[in-house]
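Protein chains: 6
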Amino acid sequence: MTDPSTLVVSAHAGDFVWRAGGAIALAAARGERVTIVCLSYGERGESAKAWREGKSLDEIKRLRRGEAERAAAALGAGIVFLDAGDYPLRETPELTDELVRVFRETRPSVVLTHPLEDPYNGDHPAAARMALQARVLAQAIGYPAEGEPLGAPPVFFFEPHQPEMCGFVPQVLLDITEVFDTKRKAMECLPAQRHLWDYYTDLAVRRGVQLKRNAGPNLGLPHTTYGEAYMRPYPQVTGVLA
Amino acid sequence: MTDPSTLVVSAHAGDFVWRAGGAIALAAARGERVTIVCLSYGERGESAKAWREGKSLDEIKRLRRGEAERAAAALGAGIVFLDAGDYPLRETPELTDELVRVFRETRPSVVLTHPLEDPYNGDHPAAARMALQARVLAQAIGYPAEGEPLGAPPVFFFEPHQPEMCGFVPQVLLDITEVFDTKRKAMECLPAQRHLWDYYTDLAVRRGVQLKRNAGPNLGLPHTTYGEAYMRPYPQVTGVLA
Amino acid sequence: MTDPSTLVVSAHAGDFVWRAGGAIALAAARGERVTIVCLSYGERGESAKAWREGKSLDEIKRLRRGEAERAAAALGAGIVFLDAGDYPLRETPELTDELVRVFRETRPSVVLTHPLEDPYNGDHPAAARMALQARVLAQAIGYPAEGEPLGAPPVFFFEPHQPEMCGFVPQVLLDITEVFDTKRKAMECLPAQRHLWDYYTDLAVRRGVQLKRNAGPNLGLPHTTYGEAYMRPYPQVTGVLA
Amino acid sequence: MTDPSTLVVSAHAGDFVWRAGGAIALAAARGERVTIVCLSYGERGESAKAWREGKSLDEIKRLRRGEAERAAAALGAGIVFLDAGDYPLRETPELTDELVRVFRETRPSVVLTHPLEDPYNGDHPAAARMALQARVLAQAIGYPAEGEPLGAPPVFFFEPHQPEMCGFVPQVLLDITEVFDTKRKAMECLPAQRHLWDYYTDLAVRRGVQLKRNAGPNLGLPHTTYGEAYMRPYPQVTGVLA
Amino acid sequence: MTDPSTLVVSAHAGDFVWRAGGAIALAAARGERVTIVCLSYGERGESAKAWREGKSLDEIKRLRRGEAERAAAALGAGIVFLDAGDYPLRETPELTDELVRVFRETRPSVVLTHPLEDPYNGDHPAAARMALQARVLAQAIGYPAEGEPLGAPPVFFFEPHQPEMCGFVPQVLLDITEVFDTKRKAMECLPAQRHLWDYYTDLAVRRGVQLKRNAGPNLGLPHTTYGEAYMRPYPQVTGVLA
Amino acid sequence: MTDPSTLVVSAHAGDFVWRAGGAIALAAARGERVTIVCLSYGERGESAKAWREGKSLDEIKRLRRGEAERAAAALGAGIVFLDAGDYPLRETPELTDELVRVFRETRPSVVLTHPLEDPYNGDHPAAARMALQARVLAQAIGYPAEGEPLGAPPVFFFEPHQPEMCGFVPQVLLDITEVFDTKRKAMECLPAQRHLWDYYTDLAVRRGVQLKRNAGPNLGLPHTTYGEAYMRPYPQVTGVLA
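Protein chains in written order, with my numbering: chain A, 1 to 242; chain B, 1 to 242; chain C, 1 to 242; chain D, 1 to 242; chain E, 1 to 242; chain F, 1 to 242.
A portion of the hints provided could be inaccurate.
[Unchecked claim] Label pairs and their computed distance ranges (CB to CB):
hint, chain 1, residue 1, chain 2, residue 2, range
1, F, Tyr199, B, Glu59, 37 to 43 Å
2, B, Leu196, F, Glu117, 27 to 33 Å
3, A, Arg30, F, Glu178, 55 to 61 Å
4, E, Pro144, B, Leu196, 24 to 30 Å
5, E, Ala73, B, Thr201, 51 to 57 Å
6, A, Ala73, C, Pro222, 36 to 42 Å
7, A, Asp3, B, Gly85, 52 to 58 Å
8, B, Thr201, C, Pro144, 38 to 44 Å
[Claimed, not checked] For lysine-lysine, the following DSSO-like pairs were computed, each having C-alpha atoms within a straight-line distance of at most 27 Å:
hint, chain 1, residue 1, chain 2, residue 2
9, E, Lys212, E, Lys185
10, B, Lys212, F, Lys212
11, E, Lys212, D, Lys49
Rather than coming from a laboratory, the hints here were simulated on the basis of the structure. No residue lacks a Cβ here, since even glycine has one placed at the ideal position from N, Cα and C.
Chain A on its own, in the form it takes in the complex (with noise of 0.2 Å):
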């Protein structure tokens, strides 16, 4: 039996907290391990305001990672940056490898990552293939990285900005209002996507609404529901049919 462990693989810093901060947040208030790994800083690609304000490629670089790292820590997770550059966010076998690496040290028990479509950002497919691709490969005892091979663990894709679009359906609707205020002071860690904040926090509120409706009759919900909407690219196993 190994601890509990949940692997967060984001191709921009900031993606991990408007898609799945909620689910980050309620591991790390069980007292969990989480740990983040972004692929990029969303340097090139999720920075319009710098740039326009004349600020350099460092500049940036930094910038995203210091709003990132503020960000995790509200969450109560850590974070680790690959820094593989983005727009567009390369696929490479040593890419991969490295994250292999990551799976084996973290050993998780819950892997979260984006969804394998969305036709307005490449990055986000890219960076879901190496994830799920290293999480075989961290699998087979042949693999030549440290550590031990890993389990199976579950996968689930968090949403996408455009759903309809990505071929995201709502697979699992997540309760996270006990922790949504956690969720919302993690998104004001990003200042200058400012935009996003009500836009999130809306969509929260309708993910919540749709739980209400899926959910059995014995669940005694609150008025106001915060939900996160995820995949499962692999079959859910359990011991009770709910």
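Starting from the structure of chain A, add chains B, C, D, E and F where the hints point.
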């Protein structure tokens, strides 16, 4: 809070044994109420042996009913027969209304039924469509049937005989190891389909192999694990990703 | 050349406001004729508040009819009620035939209706199937109904409440900014569903954000753009790619 | 407001004629700028006749280039050759970067390219993937290439040779009747593929028949209408449903 | 071992000629029995010319029946008319039961019918659904109709008028070159649809081009090869991969 | 006319036995040439037992090579090893070029390979993509490799370990009853995977049950029929529907 209650909507007598016997036995073993509704006896479409022996329609219905009662008892479940006829099972407002009444009465917290596609047997999707419609109607306070409006219980589609031809993808793998002996005994209550006893035992082993392959690192599973596969037409609602 | 005419086929009184109020108001603002057909009042399935207040079926129908008439008037559209009953809305040849007559009479150049999938409400797909069939039948010179055979008007499916669960992908983003105030006023004609006023205002903002993100470089759009999303079951016919 | 500009990304010299000649001629006839980018000459994979005649690689490239230049001129468009090689056309960061520069330079308001699936020719999807990625990269202010960041121009996939095998569904039917003679003349600039002149004339007639069948009641179309079919990977943005 | 027998289930008189005339003529040329069942005459939906000429319903039915009889004779097939009405063709238990009886009587080794989707003509999918259901019912010994229960004959869906809009993917390309003259003669038995003679000749050429492109290296095919395309809803059973 | 020749492209040593042993044995039994290409030995990803025993990489490769040679010999096929490495198998232009040369040399009339999806093992889709691309390149006279350009041999995807998770739908059921003993002997050449011997025997029985259920009425099949399932990415070309 209502008590846990499982409702199984089965097109023919027998379907519930092969496809959901493990889930039923697990719920019963937890001391929960399980109700099986057989829309027909499978008297025309799934009783070839009896017809070849020259039995009459009434004899066949009696025979199938008896077998199904014994199988349900072995699993620890109650059983109701609506005798709506098979091959074809006709989708009518009256039969759907009968199902609404069953929903209002049994107040299920979990619903099991057939998937919506089956090119080999049109009765299965017809049963599923009526079960799903009845579940929605039972939720409306304005629907004129006895009892309180229902919450929205989760639904699980059980595995059809030729899963790949029915668009069936295992989304939930249920560990039925601890009740597999009970399921086998229930199968043995159906002597006319003796050739299926081993067929569905093999299937349980195969789904068990997949269950182990998809289980997270923390599960200590026995060498032989038995499984059943299900699909979810509605999102899972949960407080924890696992 | 016939005059522009929009026909909206709505399962229940109310659907047309939340889902297509902007498109209706835009057409009316252009001075075009818009006809809304409500197949039912939504008296059983979408009037929970009234039932809880102990109102009778007839009172509820009158109530919903009045609200829908006021909302249609606010949008600038005509409205017709077929009173076919809801929960379930039954798909019958007779009701389809009534719709054929409406098509022949209103001679629509644009048709709006529900999408073909909705696992939360079977009345919506039933309405859509009848609307689509009636549109095809109305095109046949041999179909025995008054009036000339129809051309083949384009069809737009409006957005369901849980789009991702209904296979709904926004294929058309309609800019409704200039009539959004009118749509909001029409929503406010439906006091029993007050909780949806803000919900659908938020949705309009979100679809507006996506509209701006997908707009070509030549559009000068305001800071807050409101949008509605639609799908097309038939190809767009055009003289220019844009 | 920028001027209208159409960018066509074609895997091989020739593709743009058969598949998008009508759209190109229409834009040119409206006085708009059209730029065709041929990633390769189709020298290995689509020049069987020349190889059988014993021509050298260089001769074949010159030959195909000359034909494509004449066809582009006939249609009224500019043409650029990147000479990246075919069979296979290799997807590289460098070639994608070249395309970003073309996007920043031509500032397209409309983009045409191949669809993303083609089991008969892997160069077509490779071209499409690079075109789509370059379009996204060109929108980022942080991407290090000359010129201003782009808006988000609509994209149209043109029709592949075996549409049903490529998941191609006509979502837009473009009326090219008024420029069909021009398209035919451009086709006749490609003598090595003489067998395709009638093949693609027949296709234009067939798409024209479908165009008439899907046109609304208000179009007065000529007996013979010529059409081209397109798909949209992104939603249409519009101010009016039609 | 029963004798080869082909059963064609056609919604309207005429469908079988355009879509499956080659397959029918090939089977007849091999000396096999072919039976065409026309569920309706296409009297309302596919007889626009006759209605415009002012003919009565009875005259039109007689006319269409005569044409279809001549076309069937030209192809070498028997034909049966069930006169169930069209536009809409209603799906009823009684009509399905009539089809079961046809299946039990003709004992088909091959079944041809429409595909299950057609947004332009609801009669086609309705015919297909009834044909498929009747085929399954006819296999059950318990179904109360004359004759022995059927084996499970393979089913082929023939090509609809707008294949891409009907989810039609050619899975089988049938070489009809040797009987194409016969098919053309059968088409010429339908003078009211003269515009389709060349349309379906062009289609046969195009499917022939694709047939050659997909044929293995060992086929020596003539310059002009004519083809018909089909889909299979059930797996092919074979003793050799080819 | 070339002689029949089957080419099997397998990611790892061993895959061809479990998944296509029956098809290989049938072709060999007909006196046809069969060539198996193993892109890797499966030394890292599919040799867990050997790694746990402390064997070295070279030992493991030798071991797997020996087993695969014996299994190929048992089936009557030739075998070639490209030793490209596994976990991950890297998709490179050089490896694809090697495959083109194999295609030109073996001149296959039938090609067998993995399907294009497998969330449990990325090497399988990588092998399939390279096999499909090489098959297309080998058809081009302009491709610079020895030998004549190829025709277009049909391709069959063999069954993956978890078919439903790989989008695998059995489109062809191959009767391997007469060579099943040979397939079992070939499986027994792979002692490290002893647990799969019965697993794949059970699968053959199950596919045989489905084969009988889908066979037309004219097949007189034995009580125990063994089968293998395949998919076709390209249409079947035939002179007779059956």
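Evaluated hints:
1. F:Tyr199 x B:Glu59: 37 to 43 Å: holds, 41 Å
2. B:Leu196 x F:Glu117: 27 to 33 Å: Roughly 30 Å apart at Cβ, these two residues keep to the hinted range, so it holds.
3. A:Arg30 x F:Glu178: 55 to 61 Å: The hinted range 55 to 61 Å holds for A:Arg30 and F:Glu178, with Cβ atoms some 59 Å apart.
4. E:Pro144 x B:Leu196: 24 to 30 Å: holds, 26 Å
5. E:Ala73 x B:Thr201: 51 to 57 Å: holds, 56 Å
6. A:Ala73 x C:Pro222: 36 to 42 Å: holds, 38 Å
7. A:Asp3 x B:Gly85: 52 to 58 Å: holds, 57 Å
8. B:Thr201 x C:Pro144: 38 to 44 Å: violated, 59 Å
9. E:Lys212 x E:Lys185: At roughly 24 Å apart (the allowed maximum being 27 Å), E:Lys185 and E:Lys212 satisfy the hint.
10. B:Lys212 x F:Lys212: Outside the cut-off at roughly 31 Å; violated.
11. E:Lys212 x D:Lys49: holds, 18 Å
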